[in-house]
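These protein sequences, in sequence, are chains B and G. As numbered in full-length UniProt numbering, residues 1 to 134 make up the first sequence, in order. As numbered in full-length UniProt numbering, residues 1 to 134 make up the second sequence, in order.
Check each hint, because a few of them may be wrong.
The list treats identical chains as interchangeable, and a pair is accepted whether it falls inside one copy or across any two copies.
[Claimed, not checked] Derived DSS-like pairs: lysine-lysine, alpha-carbon spacing no greater than 25 Å straight-line:
1. Lys67 - Lys52
2. Lys97 - Lys122
3. Lys97 - Lys108
4. Lys97 - Lys67
5. Lys114 - Lys71
6. Lys114 - Lys52
7. Lys97 - Lys52
8. Lys108 - Lys67
9. Lys71 - Lys97
10. Lys122 - Lys67
Honestly, the hints are just simulated from the structure, not real lab data.
Protein chains: 2
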Amino acid sequence: MIGRLNHVAIAVRDLSVASEVYRSTLGAQVSAPEALPEHGVTVVFITLPNTKIELLEPLGSDSPIAKFLEKNPDGGIHHICYEVADIGAARDQLVSKGARVLGSGEPKIGAHGKPVLFLHPKDFLGALVELEQA
Amino acid sequence: MIGRLNHVAIAVRDLSVASEVYRSTLGAQVSAPEALPEHGVTVVFITLPNTKIELLEPLGSDSPIAKFLEKNPDGGIHHICYEVADIGAARDQLVSKGARVLGSGEPKIGAHGKPVLFLHPKDFLGALVELEQA
Chain B
1 MIGRLNHVAI AVRDLSVASE VYRSTLGAQV SAPEALPEHG VTVVFITLPN
51 TKIELLEPLG SDSPIAKFLE KNPDGGIHHI CYEVADIGAA RDQLVSKGAR
101 VLGSGEPKIG AHGKPVLFLH PKDFLGALVE LEQA
Chain G
1 MIGRLNHVAI AVRDLSVASE VYRSTLGAQV SAPEALPEHG VTVVFITLPN
51 TKIELLEPLG SDSPIAKFLE KNPDGGIHHI CYEVADIGAA RDQLVSKGAR
101 VLGSGEPKIG AHGKPVLFLH PKDFLGALVE LEQA
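Same shape as in the complex, but just chain B (with noise of 0.2 Å):
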């Protein structure tokens, strides 16, 4: 079912420091900032040959990212991104089979416009998984 890893995010406490870390230290290719108040986050894009790092500063007072930064104060690997071709049908699958998908389980519009779903951690070995349609 699942397809390319669409990406890897990364919660930071500052994006301009973690921008500068990616271009400056690991020589990578980095976007400018990207606010995305109806997610919480402010985001930078890093592509590399066959995937991207998406870094997540915090945005507004009610941000997805802030609990995981208050416990993780040097930021983290917050959540990885695999591609689906349905995402209703996938979504329907990783249900039957006892999977939770967080929130109301129904697809919302993610970073990239296109339809996401995030999975309980507890039910894929600790890592938050989101799953975006292709």
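For this one, chain B is given, so just place chain G on it according to the hints.
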């Protein structure tokens, strides 16, 4: 400097349970387990179209992932591995920018038979980063 994302590693308590999550629930292609006593882990490789996921289970009494699993009993995303063309040159460049290399600072032969290094998470946004010579 960094090239492809070689893999994302997820530390798990039970490799057979974890393999089944990826094989049966997520419908991915999962290899047979491979014991790597010199690295203190048993590993399975999950082949995605553009990269790999590695599931790591502790092997032996001195496994480098034992502490991580004490803190994260459900498992969790342990590290990300970027490819570099020349690991010695990459190491020298990183050290000149103030980044810390774990261990002796000398590359070791990693799970894929290629030279690898690990970088200090505090210098890389809280994420443990492995570099592998491609």
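- Message: So, against the hints stated earlier in the document, which numbers end up violated here?
- Response: 4, 5, 9
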